[in-house]
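A.B. asks: Protein chains in written order, with the working numbering: chain D, 40 to 372; chain G, 40 to 372.
Heads up, the list lumps identical chains together, so a pair's fine if it works in one copy or across two of them.
Okay, derived cross-link-like pairs now, BS3-like style, lysine-lysine, Cα gap no bigger than 25 Å in a straight line:
1. K366 to K287
2. K168 to K137
3. K216 to K168
4. K168 to K51
5. K366 to K168
6. K51 to K366
Source of the hints: derived by calculation from the structure; they are not laboratory data.
Protein chains: 2
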Amino acid sequence: MGTKRLPSNEDKLIERFFKPLAQHPGALALTDDAAYLTPPAGHDLVLTADMAVAGVHFFADDPADAIAKKALRVNLSDLAAKGAEPVGALLTISFGEKADEAWIEAFARGLGEDCAAFGCPLFGGDTTKTPGPLTISITAIGKVPSGTMVKRAGARPGDLIVVSGTIGDAALALQLKTRLLSGGFGALNEAQAGELRQRYLFPLPRLALAKLLRDHANAAMDVSDGLVGDLGKLAEASGVHATVETSKIPLSNPAHDAIAAEAGLLETALTGGDDYEVLAAIPEASFAAFAEAAGKAGVPVTAIGRFSAGAGVAVLGPDGQELSFEKTAYSHF
Amino acid sequence: MGTKRLPSNEDKLIERFFKPLAQHPGALALTDDAAYLTPPAGHDLVLTADMAVAGVHFFADDPADAIAKKALRVNLSDLAAKGAEPVGALLTISFGEKADEAWIEAFARGLGEDCAAFGCPLFGGDTTKTPGPLTISITAIGKVPSGTMVKRAGARPGDLIVVSGTIGDAALALQLKTRLLSGGFGALNEAQAGELRQRYLFPLPRLALAKLLRDHANAAMDVSDGLVGDLGKLAEASGVHATVETSKIPLSNPAHDAIAAEAGLLETALTGGDDYEVLAAIPEASFAAFAEAAGKAGVPVTAIGRFSAGAGVAVLGPDGQELSFEKTAYSHF
Numbered sequence: 040m041g042t043k044r045l046p047s048n049e050d051k052l053i054e055r056f057f058k059p060l061a062q063h064p065g066a067l068a069l070t071d072d073a074a075y076l077t078p079p080a081g082h083d084l085v086l087t088a089d090m091a092v093a094g095v096h097f098f099a100d101d102p103a104d105a106i107a108k109k110a111l112r113v114n115l116s117d118l119a120a121k122g123a124e125p126v127g128a129l130l131t132i133s134f135g136e137k138a139d140e141a142w143i144e145a146f147a148r149g150l151g152e153d154c155a156a157f158g159c160p161l162f163g164g165d166t167t168k169t170p171g172p173l174t175i176s177i178t179a180i181g182k183v184p185s186g187t188m189v190k191r192a193g194a195r196p197g198d199l200i201v202v203s204g205t206i207g208d209a210a211l212a213l214q215l216k217t218r219l220l221s222g223g224f225g226a227l228n229e230a231q232a233g234e235l236r237q238r239y240l241f242p243l244p245r246l247a248l249a250k251l252l253r254d255h256a257n258a259a260m261d262v263s264d265g266l267v268g269d270l271g272k273l274a275e276a277s278g279v280h281a282t283v284e285t286s287k288i289p290l291s292n293p294a295h296d297a298i299a300a301e302a303g304l305l306e307t308a309l310t311g312g313d314d315y316e317v318l319a320a321i322p323e324a325s326f327a328a329f330a331e332a333a334g335k336a337g338v339p340v341t342a343i344g345r346f347s348a349g350a351g352v353a354v355l356g357p358d359g360q361e362l363s364f365e366k367t368a369y370s371h372f
Numbered sequence: 040m041g042t043k044r045l046p047s048n049e050d051k052l053i054e055r056f057f058k059p060l061a062q063h064p065g066a067l068a069l070t071d072d073a074a075y076l077t078p079p080a081g082h083d084l085v086l087t088a089d090m091a092v093a094g095v096h097f098f099a100d101d102p103a104d105a106i107a108k109k110a111l112r113v114n115l116s117d118l119a120a121k122g123a124e125p126v127g128a129l130l131t132i133s134f135g136e137k138a139d140e141a142w143i144e145a146f147a148r149g150l151g152e153d154c155a156a157f158g159c160p161l162f163g164g165d166t167t168k169t170p171g172p173l174t175i176s177i178t179a180i181g182k183v184p185s186g187t188m189v190k191r192a193g194a195r196p197g198d199l200i201v202v203s204g205t206i207g208d209a210a211l212a213l214q215l216k217t218r219l220l221s222g223g224f225g226a227l228n229e230a231q232a233g234e235l236r237q238r239y240l241f242p243l244p245r246l247a248l249a250k251l252l253r254d255h256a257n258a259a260m261d262v263s264d265g266l267v268g269d270l271g272k273l274a275e276a277s278g279v280h281a282t283v284e285t286s287k288i289p290l291s292n293p294a295h296d297a298i299a300a301e302a303g304l305l306e307t308a309l310t311g312g313d314d315y316e317v318l319a320a321i322p323e324a325s326f327a328a329f330a331e332a333a334g335k336a337g338v339p340v341t342a343i344g345r346f347s348a349g350a351g352v353a354v355l356g357p358d359g360q361e362l363s364f365e366k367t368a369y370s371h372f
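Excised from the complex, chain D in its bound form (with noise of 0.2 Å):
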């Protein structure tokens, strides 16, 4: 007899939806107030976190599977560019009220799929309500041999500026999405729209780059909130210059249509952001051997420019003039 404990809906929701992803040993299923993290020998632990909030970071509109997804992997293409491999994620999430079980059941299935991907289980977290916009916060956990992490700090004058993949994808897409009742970007047609957007959704966090930057790297970080601004970020830390070149910039095919037939828009794929692609200082003697590990591990890398000494970013149009910007960045303040 006695008071029997009905579970709550919260704790129903948890085990339904979330105890799943929870693949780890020290995560007691979920049913404990705290996981536990026996931390691999010889290794230091790597920490993120990233909050996300719908008509901020994302649309409240966007797959719920890919809001998931996507808030997983800004941190992991952080962990990423440290040169960490992941270890596990502690989830927080405000729910709004048109979250509705489905919408629960589709963002969880997003994020345990991409959990699976990059062998980041959920440690824990916590679920609750909120009468404003849905608000996700994941804490990622990488592990690097100890004494490695790849910070900003450390590019030296002479080592060559180098990003992977291709920049510039995800903010057209952004801006494409404004422009769609204008006519969108009238160079492009659907299949590249869909591409760019397809990297706004699915940022590729660059785990496969992660032992060849500790290995390689004197300074890395991931491109989040523009490439100009975060280079800038990068060569602040080590106390470099940094000149970029834009002929090589590696763009994709829709974002080298568009900005071919709209020259203002390349300002928007070097500083929107959202990118999720790695930048890093490689030392030149060293380019040729990471570049070919990186593209045999399926991730393309480019040289867009060189460090040197002094302070400050200079981004050179195809002329070879000095581009200036009205923003390097994205900033929320």
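Given the coordinates of chain D, work out where chain G should sit on it, guided by the hints.
C.D. replies: Relative to chain D, chain G alone:
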């Protein structure tokens, strides 16, 4: 020359208000994308995360420093109940429209005071804005000697049900706040009402009990969603029945007076939550030693009942009759 990187307002905000809290070398003064942590040898890490939303978990007009302290302390309370000492924390925060610089400064000051007081430096995080209510997520990392995290599962028939401090104060404070226009609790004077309010604003993470719980407790958790419901969770995880005698439940002076004047408030005290006291299963043979050491550490503990074979929770009133409650715990869903 070149594009001079001007620090964004976000950078300035972090530099000015949050960098002083990042007193761990691995936090890199919050100037990198991630922090590193060399795990303490021979220890497991303990991981927990909680989200707090204005209007849901706290009042938007609660003092900024109190909001910060409580957001950290509810996580430290989880660590304490798991037998863990703090290592550090990550903070993600979405500031609402009303969070001006003075508010953010007070928030950061409060958080910094507690980071210092509880030995829990800031490792990193994320600051952003929201069109909705202020939303805070904190991930706390603690440590225990390997394999010693105290779990919910483990209570055995015969173990005493033990709580720290007093139960129900914060829930009564919340109830009192909603009644203020109609005269509050008639039985309480100003000082008593103020005492309850302090308990709501400033929960006390029972870190002084961490080692004692590792040494003596078969199971433990913190009381956050209400004593009866949380005891039900612990009993369920442990596969035992729990019998509580309300006459033994430790009450503060104001809680005692409020309940004496209005018997219905007992239910509020036992199911309202926000206590952040430790709930533990202590073998009877260990209780005297546990209680003495806890008292010396400044934390009174009280045995309020006993676990036995079976399932569920029975709460016995002063006359030995079993009480029943409309709902046993707070749930967001």
